[in-house]
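Student: Here's the letter readout for the chains.
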Amino acid sequence: MKVLVVDDEQDVKVLFEQRFRKEIKNHEIEFAFAFSGEEALSYLNQHAHEAVLILSDINMPGMSGLELLEQIKQKHYTPPPVVMMITAYGDAENYNTAKRLGADDFLTKPVDFTLLKEKLKTVH
Amino acid sequence: MEKTGLLPKWNRHIAFATGVFISMIVLSVVFKNKQPALVFTWINHALMLALIYLAFTQKDFRAAKPTVYAFLPLISISFIEDVFKLINPSIERNWSNYFDLAELFALIWMGAMLYVNHRQRKQLEKERLKVEEKEKEFRITEKIKAELEIQVKERTAELTKQKEELQHALHELKSTQSQLIQSEKMASLGELTAGIAHEIQNPLNFVNNFSEINTELIDEMQEEIDKGNMDEAKSIANAIKENEQKIIFHGKRADSIVKGMLSHSRSSNGQKEPTDINALADEYLRLAFHGLRAKDKTFNATMKTDFDEKIGKINIIPQDMGRVILNLITNAFYAVTEKKNSLPVTTDHAPKYEPTVSVSTKKINNKVEITIKDNGNGIPQRIMDKIFQPFFTTKPTGQGTGLGLSMSYDIITKAHGGELKVTTKENEGATFIISLPV
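Residue numbers (this note's numbering), protein chains in the order written: chain L, 149 to 272; chain G, 446 to 883.
FYI, nobody ran anything at the bench for these hints, they're computed from the structure.
Be aware that a few hints might be false.
[Stated by the list, open to error] DSS-like cross-link-like pairs, simulated, lysine-lysine; straight-line CA separation at most 25 Å:
no. : chain 1 : residue 1 : chain 2 : residue 2
1   : L       : K170      : G       : K686
2   : G       : K588      : G       : K575
3   : L       : K257      : G       : K704
[As the list claims (entries may be wrong)] Just a sample of chain G residues kept apart from chain L, beta carbon distances all over 10 Å, derived:
no. : residue
4   : A547
5   : N562
6   : E687
7   : I762
8   : I809
Since the structure is predicted, the reported quantities are computational estimates derived from the model, not experimental observations.
For each residue, glycine too, the CB sits at the ideal point set by N, CA and C.
Use the sequences and the hints to build the structure in full.
Tutor: This is the structure in structure tokens:
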């Protein structure tokens, strides 16, 4: 399974690689990283069939996670990727907007990796 | 020869002498051509001599001197005649004509002298009157002067009171000003709070996550050691070390944000210190962005940075400079949001407006330029000369203090000896350039 993580924080890459070191080692999950919405879109356009799951932060400069979500859902990728949005704790407005735009699931910050791993298993 | 108006010590003697003199004349008339008359006449001569002596020797009789001169020839002739009468009455009789003639001359002399004296006295009197007049004038002047002095004193007191009132008012204004500055700082801090929360949350998440990972990794490393896989254990140890560095990095990041927040709310101590202007600008750009984002969920803008790494550290007052940069960035974000909200919803075909705020630094010779650029609506020409005035704001009431740019201008020009320039094109955006000498 290939997961595209979108976040403007560079160290998110290292964090995910460490958190999922066993899964990566065992080739259960493969990660790709984009540090902005724009970067994520261009990645998706080049590797349309690879990403099964997109994990995106909302709070990003430039194109926000919500705009990215909107674009992904409009473009009708095949197969349609699962999009999980990361919202700040107690951020009802972003949550509702994401839901309206067709987000498949939500995670709240700070990310609970045990929970995330559980969720990834169900996506399988 | 009566002298009046003299000093009192003489009055008694003169009155007595006058009395004796008159009695002697009376007696000499009564005893005319008889032996006692001669005695009385000589007593009178003695009195005369005494008088003349006094007139010539005593200062008190100085004024009588001219009169004595007038009478002196007559007295002398009368005296010489009487001397001849006493020594040889026949000679006196033979020389009688000469004596009469001399007496006539003496009389003329007396008349002339008295006349001259009189005129001199008149002259003196005139002068005395003049002096008196002057004295009178002087007294009047003195009186006016005294009155003026009282007036001046009153006015001075009034002015002193007014000065004190003004000083009090100035003091109140100063304290109001510092309160305003403090509230401006607090207002901008309020805008930052949400940004700060976000900016602290992120590094803290990293600190927590990497710490947890390290705990797991240490367990794994021990397992590998137990199994004897030393190479594997070493590689895990390296990963732990790298994670530790991440923990330190993000811990410091949170630390600097809190420090920045504290220094922002604290009164500046006005001390210049070597500061990384790029880090400062970047920090405030992020704080402002996340602050606005937290307040307005729909807010978004592209942030572009172009930092000149050659600048190094420059001597600035970090809190104050941070305030200026924050202010200009907040304004820029406000401008692009305004423009975005004023535009109709874009369709896929129309060119999309991308709100963009760029912050760049550049070292040019002995100057450092910090440029904050936005692609908002720009500043209308008619308000260009007002934007740096205190309390001028285009924001709705309650949303802006109108002190941001005026404070920024003061901080740049007065505290740092730099320049704050603005260029703008309507509908295309505004560019603020801070120019600092280094």
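Student: Could you run down the list of hints and mark each one as holding or not?
Tutor: For each hint, the structure was consulted:
1. L/K170 <-> G/K686: It holds: about 18 Å lies between the C-alpha atoms, which stays within 25 Å.
2. G/K588 <-> G/K575: Answer holds: G/K588 to G/K575 is near 20 Å, not above 25 Å.
3. L/K257 <-> G/K704: Holds, at about 24 Å.
4. A547: 139 Å, holds
5. N562: Non-interface label on G/N562 holds, nearest chain L Cβ at 119 Å vs cutoff 10 Å.
6. E687: 8 Å, violated
7. I762: At about 28 Å from chain L, G/I762 clears the 10 Å cut-off, so the statement holds.
8. I809: 28 Å, holds
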